[in-house]
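Residue numbers (my numbering), protein chains in the order written: chain A, 1 to 251; chain B, 1 to 453.
It is possible that part of the hints are untrue.
[Claimed, not checked] Below are the SDA-like pairs computed for lysine to any residue, each with C-alpha atoms no more than 25 Å apart in a straight line:
no., chain 1, residue 1, chain 2, residue 2
1, B, K33, A, P242
2, A, K50, B, R184
3, A, K212, B, F113
4, A, K43, B, V152
5, B, K19, B, S30
6, B, K257, A, A209
7, A, K6, A, Y175
8, B, K8, A, K109
9, B, K349, B, K257
10, A, K43, B, K8
11, B, K19, A, V39
12, A, K50, B, Q42
13, B, K8, A, K6
14, B, K8, A, S206
15, B, K257, A, G29
16, B, K257, B, A240
17, A, K109, B, N4
18, A, K216, B, A240
19, A, K50, B, N29
[What the hints assert, rightly or not] What follows is a list of derived Cβ distance ranges for each label pair:
no., chain 1, residue 1, chain 2, residue 2, range
20, B, P248, A, R28, 26 to 32 Å
21, B, V151, A, S168, 55 to 61 Å
22, B, R101, A, F230, 34 to 40 Å
23, B, S155, A, I238, 52 to 58 Å
24, A, D40, B, L308, 37 to 43 Å
25, B, E37, A, K109, 28 to 34 Å
26, A, L203, B, R197, 46 to 52 Å
27, B, R101, A, K109, 45 to 51 Å
[What the hints assert, rightly or not] Some chain B residues judged to face chain A by a derived CB distance under 8 Å, without partners named:
no., residue
28, T79
29, T80
30, G81
31, R249
It is worth saying that the hints were derived from the structure and are not from the lab. Please read all numbers here as calculations on a predicted model, not as lab measurements. All C-beta atoms in this analysis are idealised placements derived from N, C-alpha and C, irrespective of residue type, glycine included.
Okay, here's what each chain looks like letter by letter:
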Amino acid sequence: MLISRKTVVIAGALSSVGRAIADQFARRGFSILLAGRDVDELKCLADDIKVRHEVSCSVRFFDALDFASHGGFLDQCVESFGNTPGGVVYCAGYMADQELAQMDFATAKRTLDTNLSGAVSLLEKFAALFEECGSGFIAALSSVAGDRGRKSNYIYGAAKAGLTAYLSGLRNRLYSANVQVITIKPGFMDTAMTWGMPLPAPLTASPEAAAKAMVKAILRGANVIYVPFFWRWIMMIIRYIPEWQFKKMNI
Amino acid sequence: MLLNTASKTLSGWGRYHPKDCAVFRPERNSELKSFLEASGDQSFIPRGLGRSYGDTAVNEAGLVLDMCRLNRMRHFDETTGILDCEGGVSLAEILETFVPRGWFLPVTPGTKFVTVAGAIANDVHGKNHHGDGTFARFVHSLELWTPALGVVTCSPSENSEIFWATVGGIGLTGVILSAKIQLRAVESAYVKVDYQRCPHLDAVLEEMESRDRDYLYSVAWIDCLAKRAHLGRSILMRGAHARVRDLPRRHEEKPYKFSRRPPLAVPIDFPGFVLNNLSIKTFNTLFYRINRNRQEVITNYESYFYPLDGIHDWNRMYGRRGFIQYQAAFPFEGRMGLVSMLEMLSEQKRASFLAVLKCFGPSNPGLLSYPMPGYTLALDIPCKPGIEEFTRELDRILLDHGGRLYLAKDSLTDSATFAAMYPGVEAFREQCALLDPQGLLSSAQARRLHLIK
Ligand SMILES: Cc1cc2nc3c(=O)[nH]c(=O)nc-3n(C[C@H](O)[C@H](O)[C@H](O)COP(=O)(O)OP(=O)(O)OC[C@H]3O[C@@H](n4cnc5c(N)ncnc54)[C@H](O)[C@@H]3O)c2cc1C
Ligand SMILES: NC(=O)c1ccc[n+]([C@@H]2O[C@H](COP(=O)([O-])OP(=O)(O)OC[C@H]3O[C@@H](n4cnc5c(N)ncnc54)[C@H](OP(=O)(O)O)[C@@H]3O)[C@@H](O)[C@H]2O)c1
């Protein structure tokens with residue numbers, strides 16, 4: 001993919017892997033805009049990126065759930081770079097305890113809104129802008145959890161499935177406008193979201209290793225990637241289990 | 001406060017006697033702050049990258065505070081070479097960032113996978129101790145959170161008593177939040193090394209005493225299995241950072257670049273028999289034979305300083321039972337102690353490869369700082385039955401000759417032995433009582449050695 005502008009917006013940059021993604025772009029000379037809900041903390045990350053990579057890095061407040069603010073946020077991004085950004089990576093995500101989400105609709109709704117509605121709201125704004133200028137990339141962190149609903153995690157899984165379908169359609173729409181859309185499906189990553197969960201170490205990626213694979217894929221112009229790559233095969237097997245069997249299983 | 005902790009089985013790098021611990025890992029200052037403000041009466045110990053060999057950063061009785069994600073660099077001054085960074089920044093990250101810009105670590109241990117705070121808390125030394133002292137010498141100031149005083153800035157000139165308790169204070173004075181450290185200007189990523197064979201102990205010690213001062217770095221690999229006339233035979237490896245004019249043509253253009261081999265990994269625990277006496281003996285003999293006297297060999301810094309970092313998880317070579325490290329320092333007058341220790345090692349055949357000998361320069365005012373003028377010997381000892389009695393004998397040799405052992409490597413000593421080796425321990429306990437009156441900071445090692453009141 002030809003990247004005309006080496007600038008990128010990281011939405012949800014306080015995520016463990018979001019920080020690592022920003023770092024990967026910065027070491028390739030990109031200017032970075034970090035966006036999230038805790039500006040003081042974002043400033044620490046921005047200083048870190050500036051010291052390590054000698055690139056410019058700014059921060060803006062961004063709340064995925066405040067849909068009405070997303071238009072204004074886009075304007076701020078353009079203003080900050082003085083130009084249309086080269087791309088955006090949507091990292092914001094929320095995974096509540098499944099049982100809590102079952103019992104409490106507010107929690108279920110927050111799961112759907114953070115992972116799906118917020119992405120739709122924000123990325124449509126970027127899509128319109130990129131379509132108009134005929135270049136740019138849009139990447140978002142979906143999840144292997146969206147490949148098949150499981151009883152242990154299906155509300156989050158439904159939000160991610162929605163996001164995956166959304167990105168697939170967006171890619172189809174923007175193809176002719178020369179805008180790249182990348183669906184990133186991580187398996188397990190060792191981040192704040194999964195801290196304390198008993199994840200199998202050999203299947204769990206560090207945020208740094210995951211981000212490296214993600215940014216490589218983005219710059220290569222990939223469509224859908226699994227991180228680490230072997231999750232593609234794991235999920236293929238899981239998707240192929242017939243439903244009459246799957247419904248009896250505990251996975 | 002409801003804390004999101006993970007249960008982990010933790011030990012030191014030697015994987016000796018792991019314990020189940022609850023670990024809290026903040027990723028933001030705000031998370032750390034609310035943890036510290038509300039920590040209540042649960043004891044905790046900060047932990048870096050877990051490269052200490054023993055139970056220094058293990059606390060099964062309360063919490064472990066994993067500081068590795070608070071690793072943000074804050075500022076770098078290109079003119080003075082002073083880096084201001086959070087305590088969780090690793091030495092590997094500093095090298096990766098600054099070697100290409102012409103700056104190196106002022107002092108580095110034999111692995112780059114340690115944090116800045118961990119390096120301060122053990123007051124680590126490197127191959128340049130004879131001339132430059134420890135890591136602390138290059139710490140301009142640090143920010144420390146203490147239970148009694150909150151955040152304090154300390155340095156050799158400001159709150160110096162807190163500074164010298166924290167340096168080498170193995171996490172017991174508080175949480176090191178950030179530090180300003182002086183980096184060293186270098187012309188290349190290469191080191192110019194002289195290799196020299198020394199046929200026995202007297203030869204190597206003589207050589208170190210007379211000519212170490214001509215080199216920035218000096219260290220010897222010592223064959224602990226060699227006996228009698230060969231006792232203490234060693235390869236001395238001394239050098240300094242290469243200047244651009246020292247480099248071969250092909251490197252001159254890009255003096256900070258070298259090709260890195262991807263790290264190997266040890267994926268499984270080796271069965272215990274792989275490292276048996278025969279393989280160790282063969283390795284040691286080969287190493288001695290292969291290394292002839294050579295002058296001005298140009299090698300990249302990774303292979304000179306971090307030969308083991310090329311193999312991830314190399315500690316698994318020792319199998320599931322793990323191993324311990326033992327590092328001893330003898331004053332110059334205690335030279336006979338070094339001889340007795342080597343004799344005992346070669347007789348009992350317990351030590352393995354990787355024994356390292358070095359001459360230390362002057363010590364610093366750190367209350368529990370390890371280096372003292374004299375000799376230091378570091379060895380790996382695989383875990384086999386009888387290991388406790390064996391290290392007790394090593395401890396006794398040390399005590400008899402006015403020596404001491406290194407807390408970063410200790411797993412087995414007892415409080416009386418420790419107190420006899422470190423006269424600063426009483427002053428240290430007093431500082432801890434002032435900074436942490438409730439005894440919140442605590443570790444398995446601190447309890448074993450009665451380091452806290
Ligand atoms: C292969 C190898 C070679 C080595 N070579 C050398 C050598 O040449 N010279 C040498 O001196 N040492 C050497 N070491 C030991 C190592 O340098 C020290 O143990 C170092 O302290 C490890 O740092 P860490 O980040 O892993 O800290 P940990 O081992 O996790 O912790 C060490 C201590 O630091 C404290 N600590 C960690 N973070 C904080 C914080 N934020 N605030 C307060 N306290 C904190 C902990 O409580 C603990 O007491 C070597 C170790 C290995 C594995
Ligand atoms: N970790 C895994 O194993 C895994 C697996 C598959 C997919 N993922 C996905 O990867 C992405 C990154 O997550 P992570 O693993 O790095 O976990 P994380 O550190 O918990 O990151 C989630 C981030 O989303 C942000 N966020 C939540 N709600 C927001 C909102 N309304 N506005 C702005 N930001 C908001 C959070 O910031 P606040 O502090 O503001 O809440 C947080 O920084 C997520 O989309 C996650 O679903 C993770």
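A quick look at each hint next to the structure:
1. B/K33 / A/P242: With a Cα-Cα distance of about 49 Å, the restraint between B/K33 and A/P242 is violated, given a limit of 25 Å.
2. A/K50 / B/R184: With Cα atoms ~21 Å apart, A/K50 and B/R184 stay inside 25 Å; holds.
3. A/K212 / B/F113: The hint holds at about 20 Å.
4. A/K43 / B/V152: The hint holds at about 22 Å.
5. B/K19 / B/S30: The hint is violated at about 29 Å.
6. B/K257 / A/A209: Answer holds: B/K257 to A/A209 is near 22 Å, not above 25 Å.
7. A/K6 / A/Y175: 20 Å, holds
8. B/K8 / A/K109: 33 Å, violated
9. B/K349 / B/K257: This hinted pair is violated, its Cα atoms lying about 42 Å apart.
10. A/K43 / B/K8: 31 Å, violated
11. B/K19 / A/V39: Not satisfied, since the Cα-Cα distance of roughly 38 Å exceeds 25 Å.
12. A/K50 / B/Q42: Cα-Cα ~37 Å, so violated.
13. B/K8 / A/K6: At roughly 41 Å apart (the allowed maximum being 25 Å), A/K6 and B/K8 break the hint.
14. B/K8 / A/S206: With a Cα-Cα distance of about 17 Å, the restraint between B/K8 and A/S206 holds, given a limit of 25 Å.
15. B/K257 / A/G29: At roughly 18 Å apart (the allowed maximum being 25 Å), A/G29 and B/K257 satisfy the hint.
16. B/K257 / B/A240: 17 Å, holds
17. A/K109 / B/N4: 23 Å, holds
18. A/K216 / B/A240: The given pair, whose Cα atoms are some 38 Å apart, is violated under the 25 Å limit.
19. A/K50 / B/N29: Holds, because 19 Å separates the two Cα atoms, which is no more than 25 Å.
20. B/P248 / A/R28: 26 to 32 Å: Cβ of B/P248 to Cβ of A/R28: about 30 Å, so the range 26 to 32 Å holds.
21. B/V151 / A/S168: 55 to 61 Å: 50 Å Cβ-Cβ, so the 55 to 61 Å window is violated.
22. B/R101 / A/F230: 34 to 40 Å: 37 Å, holds
23. B/S155 / A/I238: 52 to 58 Å: 56 Å, holds
24. A/D40 / B/L308: 37 to 43 Å: Holds - the Cβ-Cβ distance for A/D40 and B/L308, about 39 Å, lies within 37 to 43 Å.
25. B/E37 / A/K109: 28 to 34 Å: 32 Å, holds
26. A/L203 / B/R197: 46 to 52 Å: 48 Å, holds
27. B/R101 / A/K109: 45 to 51 Å: Given range 45 to 51 Å: holds, Cβ gap about 49 Å.
28. T79: Status violated, d = 15 Å.
29. T80: 14 Å, violated
30. G81: Check failed: Cβ of B/G81 comes no nearer than 13 Å to chain A, outside 8 Å.
31. R249: 29 Å, violated
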